[in-house]
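Colleague: Please model the entire structure based on the sequences and the hints provided.
Chains as they are written, first to last, in our numbering: chain A, 191 to 300; chain B, 45 to 369.
Hints listed in this document are in silico derivations from the structure and should not be mistaken for laboratory results. Heads up, a few of these hints could be off.
Derived contacts from chain B toward chain A, CB cut-off under 7 Å, selection only [what the hints assert, rightly or not]:
no., residue
1, ILE236
2, ALA240
3, ILE244
4, PRO246
Yeah, the Cβ is synthetic: ideal placement off N, Cα and C, and Gly gets one too.
In case you want the letters, here they are:
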Amino acid sequence: MNQVLDVLSWVLLSCGGFFILVGGIGALRMPSFYTRMHAASVTDTMASFLVIGGLILQAGWSLATVKLVAIILFLMLTSPTSSYAVANAALLSGMKPDTKFKANKGGRES
Amino acid sequence: MTILFAVFLLSLLVIIAVAIIRAENLFVALMLTTIFSLLMATNFFILDAADVALTEAAIGAGITTVIFLGALALTSEHEKPFVAVPWLALPVVAVTAALLIFASFDNPRLGDPEAPIHQHVVPWYLEQTPKLVDIPNVVTAILGSFRAFDTLGEVFVIFAACIGVLFLLSARKPSETRCTAPASVGLSQHLIPKVAGRFILPFIILFGFYVQFHGDFGPGGGFQAGAIVATGLILFALLEGEERALRAFPRWIMMAMAAGGALLYALVGVAGIAMGGKFLDYSVLSSDPIAGQHLGILLIEAGVGITVCGSLLLIFHAFAARESF
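Modeller: Structure (structure tokens):
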């Protein structure tokens with residue numbers, strides 16, 4: 191049983207690490223502000239949930255688990271909100287989403 | 045492993061420090077400063093200084109950023125172009141850096157039990173805290189009781205800094221005609237931050253009180269708690285707008301808090317004299333010396349928290365009430 195939990199937690203931790211890496215690469219390489227933010231917000235939500243989930247499996251039934259669950263709940267509320275706030279602020283300050291790719295495609299089709 | 049992690053964090057700190065110097069956009073520099081503070085807090089935590097880490101995270105990364113953002117809203121986003129080359133600064137910085145690096149060779153190894161810090165008064169504190177004060181967190185015992193006079197000084201420094209900022213910022217009276225400015229509406233038009241913020245707000249305040257009253261047993265205390273509660277109330281001001289925040293929590297309450305907390309601290313000291321002890325000697329406050337110590341630390345931590353919270357709120361509202369130039 192312990193072995194299974196250990197393997198499961200490491201799978202979760204590795205997946206979390208993978209998503210952090212993907213988010214980092216995306217934040218550097220994506221073409222426009224909104225796509226970069228989309229990539230970065232993956233790190234905020236998906237990756238941190240996976241990492242903390244893995245840590246919960248490592249911690250077992252203890253006080254640490256309660257604290258980690260509290261952290262997950264807090265992140266669940268704050269991370270998407272902050273992503274929204276950043277994107278919203280960008281939109282309000284006049285940064286238009288880059289629709290060049292879509293427009294080009296539509297142009298070719300019609 | 046810990047050393048590896050610490051070295052990684054320290055090199056990140058150097059990189060971020062260079063990036064802060066190179067950044068020309070002040071907003072970027074501010075965000076980098078926040079990251080610097082968070083990394084510093086992690087570093088303190090690795091060194092087992094949980095109290096300092098909590099303070100750095102709450103004040104350095106949290107509330108300083110908000111106050112700087114308030115200041116940035118008043119000025120422009122870009123650094124002034126710097127024309128004159130400061131030739132004098134180069135040798136001064138070089139000599140100071142060389143001295144500091146030279147001095148660091150004399151530093152004891154990290155965690156060395158023979159280091160002077162572990163030989164001086166620390167063994168006495170560790171030995172006497174269970175006997176004289178009887179609280180688990182020795183840091184709180186040192187700051188609140190053994191060296192209460194220093195902490196009193198710190199509280200008055202914060203109080204004085206708050207008064208100084210208020211003097212500087214309210215030199216001109218805010219004009220009466222700015223009720224429709226966007227800042228006074230807050231985020232009330234934005235549903236998602238408003239809902240999430242309202243949901244989180246009570247928990248932030250609750251956590252602040254937890255840090256305040258749990259300071260005897262774990263990391264925490266008045267400074268951190270005051271900053272956390274102030275952050276919660278600033279969040280309220282950001283969500284609901286300046287006007288509603290000031291109606292819910294008027295300025296005179298903040299002023300009374302900033303002055304009253306420091307006064308409470310000093311009065312606890314005077315009460316010690318009045319009851320036959322020395323200034324800030326809590327043992328005489330109750331018939332049992334240890335209960336007296338507990339009471340004294342509770343009261344002065346409350347004083348510290350109240351002053352810090354009131355001062356930070358006053359500074360924030362002083363920035364928010366100011367018209368931009």
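Colleague: Work down the list of hints and note, for each, if the structure agrees.
Modeller: Consistency of the hints with the structure:
| no. | hint | in the structure |
| --- | --- | --- |
| 1 | ILE236 | 5 Å, holds |
| 2 | ALA240 | 4 Å, holds |
| 3 | ILE244 | 6 Å, holds |
| 4 | PRO246 | 12 Å, violated |
Checked against the numbered hints given earlier, this structure breaks only hint 4.
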